[in-house]
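Here's the letter readout for the chains.
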Amino acid sequence: MKYAEDESTPIHVLLVEDNPGDARLTKEAFSAAAETMRLHIVADGVEAMAFLRHEGSHVDAPRPDLILLDLNLPKMDGREVLAKVKEDDSLKLIPTVILTTSNSDEDILRSYQLQANCYLSKPVQLEAFDDLVRSINDFWLTKVKLPQQLQTE
Amino acid sequence: MSVVDQVEKSTEVLLVEDNLGDVRLAREAFRDVDSDIHLHLAADGIEAMAFLRQQGAHINAPRPDLIVLDLNLPKMNGREVLAQIKGDENLKMIPTVVLSSSETDADVLISYQLQANCYLRKPAQWDAFLGMVRSINAFWLTNTKLPRKPQS
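Residue numbers (our numbering), protein chains in the order written: chain F, 1 to 153; chain C, 1 to 152.
Take these hints with a grain of salt, some might be off.
Said to hold, decoys possible - DMTMM-like, lysine to aspartate or glutamate: derived pairs with alpha carbons at most 20 Å apart:
hint : chain 1 : residue 1 : chain 2 : residue 2
1    : F       : K86       : F       : E106
2    : C       : K145      : F       : E106
3    : F       : K84       : F       : E55
4    : F       : K86       : F       : D44
5    : F       : K92       : C       : D44
6    : C       : K9        : F       : E106
7    : C       : K145      : F       : D105
8    : C       : K92       : F       : E106
9    : C       : K92       : F       : E80
10   : C       : K92       : F       : E55
11   : F       : K143      : C       : D88
12   : C       : K92       : F       : D60
13   : F       : K86       : C       : E103
14   : C       : K86       : F       : D89
15   : F       : K84       : C       : E89
16   : F       : K145      : C       : E89
17   : C       : K9        : F       : D105
These are calculated hints, taken from the structure and not from any lab test.
With the rest of the complex left out, here is chain F (with noise of 0.2 Å):
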């Protein structure tokens, strides 16, 4: 159902990540770029799922548009949440981006085999981190038509 205040209606984006200093990077660098965003930021895997399923107290939690998603997480780890996510007929439509410092071959044919929407290795240089992340913006907030804004409920 298309609402008429679809536009002014900002899109929210979970970044689910433990580490402090890229949570903030990840922020400064989408404030940049995207006046009409939201992001959540949650810690853990356990609090994402928390936030997904409006559980606890994140019962007001909006349904995020994108989840960017760490796979090296305390509590649950990322393939945990992630293959929760995309067995769940209503979550599994949220595009979930990995967003991870592993470079191995191993958890990027993990994370398609899980239905990851794609996988992006997070540079060390705070330059190339930066334009990542703008990137992100650029294609998946932009270009990407994001299923959230269709549905009925």
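Once you've looked at the hints, dock chain C against the given chain F.
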């Protein structure tokens, strides 16, 4: 396949598109950006699946690193192709980008339900279409880590 082969391997893209004008534009756009991209074409859904399963005339087809899929195709439509790819344990990890002129919101939803990696609306204007193909190239073939199957 050795690791060295994989590093030096060119990028194989399968474009599933029946519109000849779009095919030509896509070919030009990919060639403009990178000569190491091998663009393979399938003009309908049956041919796309034959390519992916290396059947018939496609017995020597390479495994694509990326699939760009139109939805409205003759013989077998793109939704069915997407369902078959994502229902196949061997094929489902190949990133599949839907590029469709469909204006239907239902097509966007069903594509994500079927686990399309992303949905792009094909612009009607040719220069915007070129720009879209360039951004697929820039994002998927430059920034993204694509899966490489360990076995050849």
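Output the indices of the hints that this structure fails to meet, ascending.
Those not satisfied are hints 5, 10, 11, 12, 13, 16.
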